[in-house]
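Engineer: Convert by adding 175 to the 1-based position in the sequence shown; the result is the number in our numbering.
Please note that the accuracy of each hint is not assured.
[What the hints assert, rightly or not] Quick list of in silico lysine to any residue cross-link-like pairs, SDA-like style, CA-CA up to 25 Å:
1) 212 x 224
2) 178 x 193
3) 190 x 203
4) 190 x 204
5) 230 x 220
Read the hints as simulated data drawn from the structure, not as lab findings.
In this text the structure is predicted, and so the values were computed from the model without any measurement.
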Amino acid sequence: MNKGYKERNEGWMKKREQEEEEDDEEEEEEEVEEDGKEEEEEEEEIRKKIRKKTKKKYK
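Model the full assembly from the supplied sequences, consistent with the hints where possible.
Structural biologist: Below you can see the structure in the form of structure tokens.
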């Protein structure tokens with residue numbers, strides 16, 4: 176009786192660990208995507224500032 180319970184518990188634990196690893200991988204992918212978007216937004220803001228400054232110089 177204890178063997179069956181122990182095996183079932185180990186199987187459940189392995190499944191749980193696998194699900195947690197998959198969740199962690201998904202979170203990392205989302206973070207990378209968010210970081211990429213943030214970097215693009217920052218670069219675009221910098222470009223806009225530079226354009227404004229150069230327009231003022233040439234007017």
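Engineer: Would you mind confirming whether the straight-line C-alpha gap from residue 212 to residue 224 stays at or under 25 Å?
Structural biologist: holds (19 Å)
Engineer: Take the C-alpha atoms of residue 230 and residue 220, compute the straight-line distance between them, and say whether it is at most 25 Å.
Structural biologist: holds (15 Å)
Engineer: Holds or violated: residue 190 and residue 203, Cα atoms, limit 25 Å.
Structural biologist: Distance of about 20 Å is within 25 Å: holds.
Engineer: Can you confirm whether the C-alpha distance between residue 190 and residue 204 stays at or below 25 Å?
Structural biologist: Holds - the C-alpha atoms of residue 204 and residue 190 are around 21 Å apart, at most 25 Å.
Engineer: Holds or violated: residue 178 and residue 193, Cα atoms, limit 25 Å.
Structural biologist: The given pair, whose Cα atoms are some 23 Å apart, holds under the 25 Å limit.
Hint violations for this structure: none, all hints satisfied.
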